[in-house]
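There are 2 protein chains.
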Amino acid sequence: MNVQEQTKRQAQAAKAAATLLATASLEQRNGALQAMAVELSTHEDAILAANAADIEAARAEGIGEGLIDRLMLNPERLAGCKQALAELVAAPDVLGEVVCGRVITAGIHMKEVRVPLGVVGMIYEARPNVTIDAASIAIKTGNAILLRGGKIAQRSNDALTKALVAALAAVDLPLDAIQNLDATSRESGTALMQMHGLVDVLIPRGGAGLIQTVVENSKVPVIETGTGNCHVYLHESADPAMAHSIVMNAKLQRPSVCNAAESLLLDRSVAQQLLPQIASDLAAAGVTLVCDPEALAIAQAAGVADEYLRAATEEDWGTEYLDMLISIKILDGVQQAIEHINTYGSLHSEAIVTSDFTTAQTFTGGVDAAAVYVNASTRFTDGGVFGLGAEIGISTQKLHARGPMGLTALTSTKFILEGTGQVR
Amino acid sequence: MNVQEQTKRQAQAAKAAATLLATASLEQRNGALQAMAVELSTHEDAILAANAADIEAARAEGIGEGLIDRLMLNPERLAGCKQALAELVAAPDVLGEVVCGRVITAGIHMKEVRVPLGVVGMIYEARPNVTIDAASIAIKTGNAILLRGGKIAQRSNDALTKALVAALAAVDLPLDAIQNLDATSRESGTALMQMHGLVDVLIPRGGAGLIQTVVENSKVPVIETGTGNCHVYLHESADPAMAHSIVMNAKLQRPSVCNAAESLLLDRSVAQQLLPQIASDLAAAGVTLVCDPEALAIAQAAGVADEYLRAATEEDWGTEYLDMLISIKILDGVQQAIEHINTYGSLHSEAIVTSDFTTAQTFTGGVDAAAVYVNASTRFTDGGVFGLGAEIGISTQKLHARGPMGLTALTSTKFILEGTGQVR
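In order, the protein sequences belong to chains S and Y.
In this text, residue positions in the first sequence follow the working numbering: the first is 357, and each later residue adds one.
In this text, residue positions in the second sequence follow the working numbering: the first is 357, and each later residue adds one.
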């Protein structure tokens, strides 16, 4: 059987499993999560051995230590996953919620209730912990899931899936509800994108290239996640100390994540006042400043060494570095800032620092992004921080779910209408 | 300029207009709808003349009278559109609604507010009234819209768009918020499907072929609408009179629409009791019965003439006839009915006739569709009937919107976070 056929069979089996899961009780679904924690312990030696084999193979291929770190599982990380499972058990059920209801024409009783999406497809990269997170959130919300992780994590994901499926068996849920696709060929990912009618949503998690590929090729509805070309804009009314603190935090606290700042915008009227200190301190921390001509001149005058300076190209304004670089542009006022962000941003997280009330309103109203901050760092964009519970990703599209996606992002609704023989 | 470039320019202009519309007041948006009614009167002669030219050209091409009727505008139909505009003005605003809100980490005030989607693309067929409906709903919800109607309605749509744009001008809203694409070539539709990043959602309205094409080719997120392969299932506990009445209504009241029944399922234990009368009456009304072998035998025994009988093929179970045909299958019990519907249905509207409480629960829980009926006709699925107000289509997918789509289907949300300098 070729990969295309194999993937289709797996998707058909997932759909059949989803039909059964849709009517599984909360006790059964929570029971599966509790069993997952038990099975992760039972299978821990096998999981860690598989992960060690993945890491050895990755190192032999010359893969960098950053990626190796993302790939690595250890007893502490597995304990963290088990803790997350316990929290998910405690989270309230979102299924069955009556979203709205009324009596309509001729006395028909209508209610709109929350139901599972059906079959969720996840396409992701190195991190094997996503396998546990995604599968557990899917089961909590009554969905079947097809997992297509990174090729370098295939052994780890196989071992993890074995443990997760054992948990399904322990509570008599259908085993096909969690399936790991063959990640050793590109074809299984491509095949998954063709499964319109069998797979209800595809969630890509990873770099911009992966997400772009899925968006361009998928016939299955996609929720775009993750890419964060986030800006901090310093309005002329910004408190200088607050401006400095927010820029440093948004850029430096964890530069490799999607809600880190990639671009600094400043009003011309305060650029000479604010930028020298910020530029010096960013460069001192090892950040390369990718500047428009005016910002470049100010940074040079502030004594920033040439090795930390570079002239910005048009491409830079649209680039998510995920690294120790920041683009810097000087402009005039909140309208120009909004236009720049709406042109080059990725609809993720955007911040303004201002002490002017109307300017804050203009910015939050005009910027088109999942999360818009006034006087706070972009780094807060996170499902847990927002109080949404378990997060399956951060949506940067506007359809279905926007921003951090909690449990309801994996649900749909259904209208149920009860009559006594009404006809039209 | 080729069609691809032209479409891209139109999409860019729509995006710029959407940014302005996103902060337009309710008074401005409602003012635009009121001005639309005025301008439709002012432009009425030009609109009717353009429509007459479209109809003449369509007749010359030999297009059937059913399609001609859908294409036709007249003073009564335009008056109906103006009435719908008045109702839309009266409908409450959905923008700005705070969906949820709380104080999060370190005292940041978070709220999730309802915002426009941005740019909506509509691809549709003959009906020019969709031009008015879609454009007015888009403006009410703060969205720009790109309209790609049927080639045979191009003159009508151009004339209508002229009136609608005049209404935007009257209230100082950006004229590019409503644009009619060139429908004389296929390319504009294809180009629209490539406008990822400029167009936020594409809604195809029309036949299954059109919808399939858009789903398969669009890089822009799509909301599938319309296809309705709807079933009525008669459980062994069904009240015979109610069963008869619901089947006749669901099939015959308006066979050409998406919520009409296309398939009848009956329990074997009551097939001999219920089917003879239903089969005779359907055939007497001119409906061809597309039967499995058992149903065929019962219909023949009931005296249904051969010209109204045909043996069902596998393909029939998945076919939306939109015509005077119904497929008929005999099976055993609610689980088989659910399996059949979930295999062949189009997730639109499904009905059971039963007097058994548990069976009703099993059916509504197990059937995967936008609307599931107990003891009522499938014909009620409609945004107006469901109390959702203006309807832009009926979604048959599970992401973003399901079932009749009201005004909120054209919105997204945005998290706004207000701090006092918080960093992480």
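For the record, the hints were derived by calculation from the structure and aren't laboratory data.
A quick note: this is a predicted structure, and the numbers were derived from the prediction, not measured.
Fair warning: there could be bad hints in the mix.
The list treats identical chains as interchangeable, and a pair is accepted whether it falls inside one copy or across any two copies.
[As the list claims (entries may be wrong)] Cross-link-like lysine to aspartate or glutamate pairs, in silico, DMTMM-like; alpha carbons within 20 Å at most: (1) Lys438 - Asp401; (2) Lys364 - Glu695; (3) Lys438 - Glu400; (4) Lys507 - Asp637.
Now the hints, each set against the structure:
1. Lys438 - Asp401: within (15 Å within a copy, 71 Å between copies)
2. Lys364 - Glu695: between (44 Å within a copy, 19 Å between copies)
3. Lys438 - Glu400: within (12 Å within a copy, 68 Å between copies)
4. Lys507 - Asp637: Close neither inside one copy (40 Å) nor across copies (61 Å); limit 20 Å.
Hint compliance for this structure: hint 4 alone is broken.
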